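Peer 1: Residue numbers (the working numbering), protein chains in the order written: chain D, 20 to 310; chain F, 5 to 208.
The set of hints was computed from the structure by calculation and includes no laboratory data.
Note that this is a predicted model, so its numbers are computed, not measured.
Glycine included, each C-beta is placed from N, C-alpha and C at the ideal position.
Among the clues, some could well be false.
Listed next, the in silico DSSO-like pairs over lysine-lysine satisfying Cα-Cα at most 27 Å (straight line) [what the hints assert, rightly or not]:
{"id": "1", "chain 1": "D", "residue 1": "K304", "chain 2": "D", "residue 2": "K21"}
{"id": "2", "chain 1": "D", "residue 1": "K74", "chain 2": "F", "residue 2": "K69"}
{"id": "3", "chain 1": "D", "residue 1": "K40", "chain 2": "F", "residue 2": "K69"}
{"id": "4", "chain 1": "F", "residue 1": "K69", "chain 2": "D", "residue 2": "K177"}
{"id": "5", "chain 1": "F", "residue 1": "K168", "chain 2": "D", "residue 2": "K74"}
{"id": "6", "chain 1": "D", "residue 1": "K63", "chain 2": "F", "residue 2": "K168"}
{"id": "7", "chain 1": "D", "residue 1": "K47", "chain 2": "D", "residue 2": "K74"}
One side only, chain F facing chain D, incomplete, derived with CB under 10 Å [to be verified]:
{"id": "8", "residue": "P66"}
{"id": "9", "residue": "A92"}
{"id": "10", "residue": "G182"}
{"id": "11", "residue": "L184"}
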Amino acid sequence: MKVDLKEVEEACKELYIRALKLLPPDIKDGFKRLDATETDATGKAILGTMIRNIKVAEENQNLLCQDTGIPIYNVTIGSDVEVDGYKLKQAIVKGCERATQEHPLRSSVVHPVTRKNQHTSSGRRVPVINLDFVEDSETLSIEMIPKGSGSENNSWLKMAVPADGIDAVKTFVVDCVLDAGGKTCPPTIVGVGVGGTADLCVHLSKIAATRPLGSHCEDPEGARLEAELSSAVNQLGVGPQGLGGDSTSFAVHVETAATHITMNPVAVNMQCHSARRARATFTPKGLSYGF
Amino acid sequence: MAHYDFNMPIGEADARRLELNDTVTLNGTLYGIRDATQIHMFDRGRTTRFDMKGHAVVHTAPNVKWVGETAAHPSGYAPICIGTTTSARMERFTRPLMEQYGVRIIIGKGGLSEGSSDAFRDVGGVYLAIVGGAAALETTWVEQIEEVDLDDLNPESLWKFRVKGFGPLLVSMDSRGGSLYTQVNNAARDKRAAALASLGVKAS
Ligand code: SF4
Chain D
20 MKVDLKEVEE ACKELYIRAL KLLPPDIKDG FKRLDATETD ATGKAILGTM
70 IRNIKVAEEN QNLLCQDTGI PIYNVTIGSD VEVDGYKLKQ AIVKGCERAT
120 QEHPLRSSVV HPVTRKNQHT SSGRRVPVIN LDFVEDSETL SIEMIPKGSG
170 SENNSWLKMA VPADGIDAVK TFVVDCVLDA GGKTCPPTIV GVGVGGTADL
220 CVHLSKIAAT RPLGSHCEDP EGARLEAELS SAVNQLGVGP QGLGGDSTSF
270 AVHVETAATH ITMNPVAVNM QCHSARRARA TFTPKGLSYG F
Chain F
5 MAHYDFNMPI GEADARRLEL NDTVTLNGTL YGIRDATQIH MFDRGRTTRF
55 DMKGHAVVHT APNVKWVGET AAHPSGYAPI CIGTTTSARM ERFTRPLMEQ
105 YGVRIIIGKG GLSEGSSDAF RDVGGVYLAI VGGAAALETT WVEQIEEVDL
155 DDLNPESLWK FRVKGFGPLL VSMDSRGGSL YTQVNNAARD KRAAALASLG
205 VKAS
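Using the sequences and the hints, build the whole thing.
Peer 2: Set out below in structure tokens:
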């Protein structure tokens, strides 16, 4: 399949706007599940406001949250897809910039030293573009994630040592949830990276935090940790917005990677209740949008 | 637990009357303020022409659209999506906002710390919690962007909104040193050992 880059640019513009306006169905289901079991009155009222906000955003075709985040595009290219990688990246950046200027959206991106805002949601190395490749497929898939700062500012890495064992990982996750309190706009998805190098570990925590609810770690050890940690963090009573309640997190997600004999790294990245993402899929049959 | 409807501005006694878990709805003027706005006002010597005495500020940087100055949009900006950001980053500006500008109410999400609690007690003010991330709903409470100052910092300008039925917002820090965040946080830390035990870990 040959990719039409003009179409990719248009889709990358559309994806940013769609992601900001439509919450994926798995997150909506997550809200229903929490709302049905929340026992704290304040927590219940806050969940109610969040659920109402999802409806108002749909009715008014408005953004769910004002934070347009740092734009991330996760691209998966099938081996039977023909595309110029450099031009593909250019098309993604262009689409992101056009979404910002044409909708218009608040550009939340500044230079880290001068703090200058180009008002395009882009800048040096931003949007973040991650590339992956899959075999035997004529499919190009682009996932867009506007990563809000309230949750991103609560990111942690600990280079624990092997002698601390898996207990260090578990303790670290619980302590991060306590430290985050209401700052991450709970209920959250707590993303945990276990293993790898320092940078891979942090990257895994982001993949985990932005995975759909109901999905599980492919590594059975990771999946076991997910189940244990999900129930543990919801015993803390941090609750929606950190104002108390049972609904601290929709789930804890874990991703693992092999690591060094001397290392035991753990990273935590959180996704807030505005757990936004959108996906465009290009196949020989055409372009379709989903989550 | 009482509910109050305020037409802004308010006086010290109004702020001091509020207790934790009361709710408040605002009408009239509301100022929008953010990290860069306050860095420039308090670290870089810039000033504003706005009179914020007795007023409320919300921690925000809105999505707006430039439409040109008209009667409906006197600032030239139409609101698109107005929401609230994490307050904790702006902790150190609470006291100067209150002492130098007379601000009585800070609206935000996630709460502020002890320094702000002290300022609320010393000067007479409160923190009202809004539901973070519920911006589509919050936008429906904003009638107009009346004026804007320090707009070279856009979107972190100093915004003057006119609001109607802005709330209900929860009094989560009062002027008596009370803070729901501290209460919840302490209770959560008390449950840490049990949560770790459920994971087979002995708390250290
Ligand atoms: S943490 Fe999420 S929901 Fe909260 S303000 Fe930021 S992007 Fe919005």
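Peer 1: Is the hinted pair D/K74 and F/K69 satisfied, with a Cα-Cα distance of at most 27 Å?
Peer 2: Holds, at about 23 Å.
Peer 1: Have a go at the F/P66 hint: is there a Cβ in chain D nearer than 10 Å to its own Cβ?
Peer 2: holds, 6 Å
Peer 1: Verify the proposed pairing of D/K40 with F/K69, using a straight-line Cα cut of 27 Å.
Peer 2: holds, 17 Å
Peer 1: Can we keep the F/L184 interface hint, with Cβ of chain D closer than 10 Å?
Peer 2: holds, 6 Å
Peer 1: Is the Cα-Cα distance between D/K304 and D/K21 27 Å or less?
Peer 2: Cα-Cα ~12 Å, so holds.
Peer 1: Going by Cβ atoms only, is F/G182 closer than 10 Å to chain D?
Peer 2: violated, 13 Å
Peer 1: Given the hint that F/K69 pairs with D/K177, test it: the Cα-Cα distance must not exceed 27 Å.
Peer 2: The given pair, whose Cα atoms are some 42 Å apart, is violated under the 27 Å limit.
Peer 1: Can you verify the interface hint for F/A92: is its Cβ closer than 10 Å to any Cβ in chain D?
Peer 2: Holds - the Cβ of F/A92 comes within 10 Å of chain D, reaching about 5 Å at its closest.
Peer 1: Regarding the pair D/K47 and D/K74, is the alpha-carbon distance no greater than 27 Å?
Peer 2: holds, 10 Å
Peer 1: Assess, step by step, whether the Cα of F/K168 is no farther than 27 Å from the Cα of D/K74, and give holds or violated.
Peer 2: It holds: about 20 Å lies between the C-alpha atoms, which stays within 27 Å.
Peer 1: For the pair supplied as a hint, D/K63 and F/K168, confirm whether the alpha-carbon distance does not exceed 27 Å.
Peer 2: holds, 25 Å
When held up to the earlier numbered hints, the structure conflicts with 4 and 10 and fits the remainder.
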